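The numbers in this note's numbering rise by one with no breaks, and the one at position 407 of the sequence shown is 419.
Quick caveat, the hints were computed from the structure, so don't treat them as lab data.
Any given hint could be a false lead.
As the list claims (entries may be wrong) - Each pair of labels, with its calculated beta carbon distance range: (1) Ile152 with Lys354: 36 to 46 Å; (2) Arg85 with Ser387: 47 to 57 Å; (3) Lys171 with Glu336: 27 to 37 Å; (4) Asp417 with Ile152: 17 to 27 Å; (5) Asp401 with Glu233: 35 to 45 Å; (6) Glu190 with Gly84: 17 to 27 Å.
The structure displayed is predicted, hence computed values, not measured ones.
A virtual CB, placed ideally from N, CA and C, is assigned to each residue, including glycine.
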Amino acid sequence: MKNTIGMISLGCAKNQVNAEQMLWLLREAGYEVLPDPDGADLVIINTCGFIESAKSEAIDHILAMAALKAEGRIGKILVTGCLAQRYQLEILDEMPEVDGILGTGSYYEIVNAVKQLLNGKTFAKFGDINDAKIDDVPRILTTPEHFAYLKIAEGCDNKCSYCIIPTLRGRFRSRRMEELIYEAKNLAQDGVKELIVVAQDTTRYGTDLYGRNRLAELLKELCRIDGLEWIRVHYLYPDEISDELINVIASEPKIVKYLDLPIQHINDMILSMMNRRGNSSYLRELFRKLRERIPGLVLRTSLITGLPGEDEAAFEELCAFLKEFRLERVGVFAYSPEEGTKAAEMPHVDLDTAMQRRDLIEQIQSRIMDDYNASCIGEVMRVLCEGYDPDEDSYFGRTFADSPDIDGRIWFTSEKHIKTGSFADVHVIDTYDGELVGVLEEDFHDDSE
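Given these sequences and hints, build the entire structure.
Here it is in structure tokens:
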């Protein structure tokens with residue numbers, strides 16, 4: 013009988029790709045991968061350790077698996093990912109229920125780790141994260157079959173003072189373009205319609221391997237792959253967005269007109285303290301240029317309230333920026349000092365104030381999103397169908413403006429069956445609770461005529 017493996021993967025899409033690679037390596041080694049960890053001989057918890065809430069979530073999952081282990085419902089527990097890398101042997105010392113630990117620089121050791129643990133041994137390994145392998149390892153997709161992530165690089169060189177990622181993932185390392193194209197072609201052949209390009213900093217792609225930025229070239233090559241219909245780009249560092257890249261995004265029909273540019277703040281002093289390249293003037297001009305050059309563009313960013321140095325004037329500047337530029341998608345987080353970062357040593361805003369400011373930003377952004385959704389009423393939008401909800405008697409899916417697990421959905425009715433993973437033209441007729449509502453275009457009847 014095969015040994016069985018369960019997997020819980022937490023955190024970002026980049027971490028999810030590592031989980032999928034580990035699952036493939038384990039299956040190739042003869043292990044059976046279970047859809048539910050309950051009952052598995054060994055459970056892998058692939059953790060995030062980026063911010064305090066992510067650490068808490070990871071620990072909660074470890075404790076939940078420990079409870080199942082105590083009941084005899086699972087066997088061994090192996091902790092991998094960013095929390096493992098960040099706290100290393102502390103997890104084994106303080107959580108005796110954990111049998112093994114594998115750092116972010118040692119994913120390729122997963123089969124050896126599992127074998128050792130199932131043989132009754134302990135296992136702890138942490139490779140050099142600055143020189144860790146980023147081999148072209150196939151994956152067992154854990155996303156729905158119609159979309160997948162393409163991780164084009166590992167690590168980060170930006171050294172933002174509030175961010176622990178370089179300590180957890182190492183220096184920036186691009187994957188070779190031919191490997192990425194090969195992987196993308198295989199994903200398309202397997203039925204993937206939407207490819208989401210991710211890295212900690214996608215705009216830096218190629219600079220380490222080729223001596224120059226090659227993201228624009230990579231995107232053009234991806235657009236030539238038959239079967240791919242949507243290509244979405246996440247996590248573009250603002251100062252590396254070139255005119256060449258803008259031209260490619262504007263001119264290639266397969267690239268959805270949706271860009272994720274995390275800026276974190278708009279105040280010059282805070283940007284400088286956080287070691288962010290570019291200032292307020294540059295960011296404002298960049299957003300204007302993107303709007304002008306890419307018609308219909310939807311912009312997403314992430315913001316942090318309560319960063320060191322954020323007084324009332326800096327916060328008001330951030331609020332005014334949102335009201336002026338009206339970004340369609342914004343994620344906002346209250347700053348939490350992360351040990352091991354330079355920002356943690358700086359005087360910072362108390363957590364209650366940071367959370368109050370976060371709530372105020374969310375209120376501003378909610379009104380902006382409501383206005384954007386209202387502007388879509390009457391439009392016919394191409395929708396990637398993601399399923400049918402019998403309780404709502406409605407299909408649901410995403411438009412180009414909605415990235416999976418981040419943004420909202422559109423709900424729509426249809427008199428004919430719509431296959432999950434297929435595209436449909438939907439006439440938007442209303443909004444509800446922050447999401448769009450529509451009807452299949454061919455079923456739409458304008459009662460006002």
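What are the numbers of the hints the structure violates, in ascending order?
6
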